[in-house]
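Q: Listed here are the chains, written in short residue letters.
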Amino acid sequence: MDTSTFSAQVREENKMAVIDLAGLINAQADQVFKQAYGEAEAMNSETIALNFSAVDYINSTGIALIVELLAQARKSHKHLIVYGLSDHYVEIFQITRLADFMDIFEDESSALSEEVRTQ
Amino acid sequence: MNTITATWNRIIKRKPVEPALESDMEKPPDFKGEVKPMNIPPGDPFLAYLHASNGVIDISELKLDSPTVAAMREDGVRLVLPLVSQGELIGLINLGQRRSEQDYSSDDKRLLQNLATQAAPALRVAQLAQQQQAEARERERIEQELRVARVIQVTLLPKEIPVIAGWDLDAFWQPAREVSGDFYDFIHLSDGRYAVIIADVTDKGVPAAMVMATTRSILRASAEQLVDPGKVLARTNDLLYPDIPAKMFVTCLYMIIEPGSGKIVLANAGHNLPYVLSNGEVTELRATGMPLGLMPGMPYDELEATLVPGQRMVLSSDGLVEAHNDQQEMFGFPRFKAELAALDDGVDAIPAVMNTWRDFTGENHEQEDDITLVTLHYSIPGNGNGNTQDWSLVTTFELPSQPGNERQASQRVLESLEPFGLPEPQVRRLETAVAEATMNAMEHGNIYQADLPVQIEVLSRESSVAVRIRDYGKKPIKDSPAVPDIDAKLAGLQDPRGWGLFLIKNMVDEMNVKQDDHHHTIELIVNLQD
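Going down the list, the protein sequences come from chains A and B. For the first sequence, numbering that gives the first Met the number 0 begins at 0 and goes up steadily by one. For the second sequence, numbering that gives the first Met the number 0 begins at 0 and goes up steadily by one.
By construction, these hints were calculated from the structure, which means they are not laboratory data. Because the structure is a prediction, the values reported are computed rather than measured. Hints should not be assumed to be uniformly reliable.
Stated by the list, open to error - Ranges between beta-carbon positions, derived for each pair:
#: 1; chain 1: A; residue 1: 86; chain 2: B; residue 2: 463; range: 49 to 59 angstroms
#: 2; chain 1: A; residue 1: 53; chain 2: B; residue 2: 482; range: 30 to 40 angstroms
#: 3; chain 1: B; residue 1: 154; chain 2: A; residue 2: 42; range: 55 to 65 angstroms
#: 4; chain 1: B; residue 1: 517; chain 2: A; residue 2: 21; range: 54 to 64 angstroms
#: 5; chain 1: B; residue 1: 423; chain 2: A; residue 2: 21; range: 14 to 24 angstroms
#: 6; chain 1: B; residue 1: 463; chain 2: A; residue 2: 8; range: 49 to 59 angstroms
Cβ coordinates follow ideal geometry from the N, Cα and C atoms, glycine included.
Chain A with its partners taken away, still in its complex shape:
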């Protein structure tokens, strides 16, 4: 049994809600991830950023989870962006076309500067 865990911390950064994700994004991450997303949405910022810098692994169930949250964000008229993805997961976001619906940034500073520029 894999004992690796998943965690998600929510914070606000320059009027942007940030969810710091860490660990494995798989079926076990479902509840914690959704709860954190709910908290981020409640912050009333237009943009919610998913920080993948400390994520080791995303499997197909994790991709499905991100799709669910993206659908929810679109319904709530939230702008969902991501940063900190490794090259491999950027490729997966492109193959799955998640990248068509979420802006991908290299790191938090580039995400923030882009957000400031467009506001």
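We have chain A; now place chain B onto it with these hints.
A: Relative to chain A, chain B alone:
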């Protein structure tokens, strides 16, 4: 007929039962008002009297020292009418005193005799119907017990065909009756090798099944303690001999296979010789030894051989070759060997042989003996899609089907491929593909049953590496899983899940899927870059 049961007061009553009978006017003066069956003991002279009599018997005038007659008098019986059908005494009608308290007249007795003559056949029919119902109930009980026995026996056969890297194993077991004396077994030995067993107990049905269960237990215990097939059979023979019923014995082939090398070692206790199939030729592997349970202290020869990739072995019990058709011709070894020799490479031996056998014996054939077949196809290096000759095995391992083990699978695969120097992006893609394929195997193929492992082989050839992930195929593969469409998913028109196969296909250069009756294999091929 030794005993006769009669319930006489039911017959005496001519009017509705109580309370009418309670009145003094209607109740016969010496009627006891009881209903009880009567058994006439075999030694009672009244029984002989009944057999000799040919009409109504007046109990009050009967001079016979009989406990039955005394009991009848005490109970108020006056007349007895023997009921005879086809010369056999099948019952009695006993009558008490007339309600008028007058004696029975000659006319009364003639009338009663006529009644007895007509009632006897009807009673006989009722008795036969009752007997048949009882027999049917007994047959049903026995059949039910046999069904349970079969369920128990099936649990003694392997629940799954083992997944062994480089080998395709298969087995077929068809008893002639509800239970069988045939059995086969696969034992994973502690040193990583496998024992393959096929055995046939003389006779069939329940006695054979009981000896089968004992033999299997002894063989399993011996296999754990001893290495050499000859010694396993010798020990099994010595332990079985004192307890096996007279005129029963067991033929048994015990074979060890070394998965990695194709080496086999076998010993044979009087069982059908195993065949090796290679390029249309059928060769017998001959090792001699007495059947188990006939004589103690018997030695068993051992035979060693090494299969080459592509060779198959077929083990059988004699129920197959000794079957007859309507013309009383036997299926026979020559026909069996010819069928095996004619098999094309990609054709599974068991269904092909059994189809030929059924065509030979005909639709209405009543199977004469139990039939068991075990086949082993050695295919290292590689066993995926027929294009196997140039693959080399890098490593093989198995993992229990437990959530999370997919990451362990990909880590072990990547470790084994380190010498090939795959570039980082390819490593990461393969990591994802192996993890996804293993997760599918555990979740769908083995429905997360921890005792069903996922078997993983890593292979290489000059220009590519391959990973084969094999499960038990519990859920059939969909021919063309829906391609995930993120627009549809975001619109709620498609399940957010369903990315697994899509990811795998996009992470490797080639993906092949193979499914047979027992297993499902997914093959991932990554081309090596210059």
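Q: Next, verify each hint and record whether it holds.
A: Each hint tested on the structure:
1. A:86 to B:463: 49 to 59 angstroms: violated (23 angstroms)
2. A:53 to B:482: 30 to 40 angstroms: Holds, since residue 53 of chain A and residue 482 of chain B (Cβ atoms, about 32 angstroms apart) stay within the stated range.
3. B:154 to A:42: 55 to 65 angstroms: Distance hint for residue 154 of chain B, residue 42 of chain A holds at roughly 60 angstroms.
4. B:517 to A:21: 54 to 64 angstroms: violated (42 angstroms)
5. B:423 to A:21: 14 to 24 angstroms: Check passed, 22 angstroms falls within 14 to 24 angstroms.
6. B:463 to A:8: 49 to 59 angstroms: 43 angstroms Cβ-Cβ, so the 49 to 59 angstroms window is violated.
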